[in-house]
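This is what each chain is made of:
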Amino acid sequence: MLPPQCTQVASISIRTLRKRVAEDPDFLFSYIDEVYSVIEKYEHRLRAYITLRPKSEVVEEAERLLKSKEIGPLGGALVAIKDNISTKGIRTTCGSKMLESYVPPYDATVVSKIKESGGIIIGKTNMDEFAMGSTTENSAFYPTLNPWDYGRVPGGSSGGSAVAVAACEATVALGSDTGGSIRLPAAYTGTVGIKPTYGLVSRYGLIAYGSSLDQIGPIARYVEDAAVVLDVISGHDPRDSTSLRVRTGYFRDYVVDYPLKNYRVAVIEEMVSEGVDRGVMKVFSKLLEKLEGRGLTVEFKRMPLLQYSLPTYYIIAMAEASSNLARYDGLKYGVRLEVEGKLWTDVYRKARMLGFGDEVKRRILIGTYVLSEGLYEGYYLKAAKVRRLLYEEFTKLFKVYDLAISLTSPILPPRVGEVISDPIKLYSLDINTVPINLAGLPALSVPGGFVEGLPVGIQVFGPPLSEGYILNLARVIEVIRDE
Amino acid sequence: MSRVSWEKVIKRLSTLALIEIDQARSDSLSRDLERIIEMFNKINELGIPEEVEPLYTTFFGEVNLRDDLESESMGIRELDPVGERLEDRYLKSPRTL
Amino acid sequence: MNNDVMIGLEVHAQITYLRTKLFCGCSSNYRENPPNTNVCPVCLGLPGSLPVLNKAALEKAIALSLALNCKISDKLLFVRKHYFYPDLPKNYQISQYDRYGLTPIAVNGEVTIEVDNKVKTIRIRRINIEEDTGRIVYPERSVLGSKYALIDYNRAGVALLEIVTEPDFRSPREARVFLDKLGSILEHLEITDTSLEGALRADANVSVNGGSRIEIKNIGSPKDLEKALNYEIARQLNIIKSGGTIERETRHWIKEKGITVASRVKELEGEYRYFPDPDLPPIPISKGLIELISKSLPELPDSRARRIAKEYGVSDYVASVLVLHKKLCDHFEHSSKVCGNPKLISSLLVNDLLRWVDEAGIPLAVGINRLNTDRLCKLVHYFSNGLISIKLLKDYVRQVVLEDINPEELVSRGLTTIGEEEEIEKVVDDVFKENPKAVSDAIKDPKAINFLVGQVMRKTKGRADPKLVNEIIRRRLAEYGLK
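Here the protein sequences come in this chain order: B, G and W. Okay, so the first sequence: first residue is 1 according to this note's numbering, each after it adds one. Okay, so the second sequence: first residue is 484 according to this note's numbering, each after it adds one. Okay, so the third sequence: first residue is 581 according to this note's numbering, each after it adds one.
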């Protein structure tokens, strides 16, 4: 399930990398060479990165790592970081002109954890500006292309991270998921992406889009790699008031080839009916059969409330975005304008006009609209109530079922330019992913097969903190899909 | 709402959000906004019982509180090592009147 | 004062007794630091940073809510209040709100004040916890003369308590008495050191004869509050008298000039787009916590005044003045215990110390430092030993407070009461020699004796006991009369 850019060495798993390095430390340098040669060959087409670290820096870090006592669970893995996650001393643009020159003076908690666990940051990946988009075409710099078909989008907004991993330009990556931004590109690039339970992974250092929805998560080529990275980045963080205090055990222990339980799995009809591509549906049906063959119970359930999840999601996300993006005025960092002799409102207006792209402006304006006097109750407050209803529906569902399964996206990756010009079409790509964020649930996208040489993503989700079982089922899918 | 009133709304929003709107793009913007709001209006079809409490966050854990202990501060210089935005450690800002 | 005056107050009290800011570990003691040194990603509002609440701030807010007899919410909810301004790092302020089903920490309290021997209850509408803004200064020391502004974010994020009253004040005097009392309560609770510049600020709403409400901002002390309100009411009455009407507006108090001026009307002011801060989920406030704080509440001004009057035998009035300033009251109790004579000490503190620090514009703490317990004891001692008269005692206090002189120093300058009769007799003889006419007048008319007494007092620079001088002169006159 690897695209043509990958080579055998560049595509190894973290487990293999650790094993080979343990046998021969110099292997780490051959591996770095190999990844950089893939980058050299294909990056000019794919454009997965906004900032790629020079190989010499990465090699230096590898040398330091090999000299240290412990090589850590990541064992020298080359980790690509989405460019909305703060990295001390490395430019963090959020895919925006607004932050083109912004160099954070601090590391996000997840970045510190990656570094402490033997991960080497290889670069910062391309994304839709401020994570607003589902195709990575909304980057202020350039679009990222799909490694399976350069004429198609890789999904977004974490498209750069997904492509870097899919095309073997990195070992694993971190993305962020507000309404599907990890799972959708994972589905379109044939990688594994996890949106963890809200609060499982610290958001400290993640440049906020919709704070009550945002979660950082791993993107990997293999379910096991995703679990290893989730083990590293999850855990309580005193810097984040929404960080859970839970002991989850090791997620990688759940990554076994057989189901740990005879799961009762729900399929929500609304997620696999309307507008589903026929080929995609075939892959899904075949997979369900195979799962039943493994002794799992699969049942179809209706959840009519889901038809309201898109407007509910976009009202909440845009409201929060309009607030989170208020701070970008060009004064302390980012776009810098002359201030002498100028009036502050003029400078702010100008900086925000020049710094933000069209989609960001749209969402800020609409977010401002739904929060404004007289409209708050009809939009924002109402959406928050629908969110409650949705949350309760899922709670009920998971009293009966262990897990649920759906398509990550009802369609194959759109062609470049196909949806970008129409906001409603663009937003509809997230139809199956946004309900998960509204309810704060964990979800994962794993490749379930191919249609016309393009990967089809399967979404597995469950009640809060069911990541272990989700990973287990994902691994089972990874094993049975080719049978 | 008519196109004209949408233009008015956009003007007000651009004042509230302090974003200058390119006049040439105002037309397509008001068309987009109108369609998005139309999509939002779908939730009005849904009757919601009075007693439903809004859900603002799905975090149900114990919220971190901090003890009143000092941690290391960072000077503004770390943000602007070159000092191009600073004057005597102050941040330069446009006039406020 | 006009009966139809209605005044409401919005008081902002910094929690100066906290070591750190409301949502980050930066020092809240910004007054001693060079600009922009106690700042961090959180209080600078850098992308990706998140707020974490200072537990002690919550406890202080609960203490104040109890002291002001408020109803305390069972949960702490923070909202974002949006407005753009260069001193506001995130372009929103984390605050609290009382609409849309949200609630501030406390509502519906009351405080009694006493003005002109009448006791009156002032209703407290609500108490908010919120963060302070940065400070703007102008390079040319004036707003208009400067081509740009300069910002110091050291103050940004310092914890504030906002106390909002109902419009229950009928005169500027009442408002001042309330603010004095509130300041004292804040001092006793160790929330605010009100002597610090900018630690206690007030905005006042005032309307005359049922007219429009005018908001006056930027008032820095109880004294200024009374001045500003007097000015504003007179201004409004003048307008009404000359046939004009009062338009609703915001005005600024200009302390240096003693006037209020209209603020430039901001477009769409009041559109703050409040919504719950998703970074700070609700924090339960348990009954147990409230009880715990209630039990450890220190003695508050009202009960302290009652105790002091009883324990030290001072008048109710003197006690009520003493408790207005916690430091003064502490000083009184301590000094009374050390040197005895509480009545005399209270009189020196209330009548003399307060007068001189006020006239000279010296901070009370400095005045107390100068007139410390040690010096106060010595002065009381000199007086009770007859070394100095009450007149000299009061004069000594003035010099100690204004010039920071040791009482011993004053004594060594010979400024003591002349106790020796011989010495006074010598001076009387001199005066008699210099004023033969006055002597013969006095022999004829006993009333004319006062001139001679005055002359003796002048020559002794007030050091002689007037009673003794009178006695000696009469004796001498009797002797002369016989001749």
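A hint or two may mislead.
Here are the computed lysine-lysine pairs in the DSS-like style, where the Cα-Cα straight-line distance is at most 30 Å [what the hints assert, rightly or not]: (1) W:Lys-655 / G:Lys-494; (2) G:Lys-494 / W:Lys-971; (3) B:Lys-385 / W:Lys-727; (4) W:Lys-907 / W:Lys-971; (5) B:Lys-88 / G:Lys-575.
Derived by calculation from the structure, the hints in this document are not laboratory data.
Violating hint indices (sorted, rising): Checked against the structure, the hints that fail are numbers 1, 2, 3, while the rest are satisfied.
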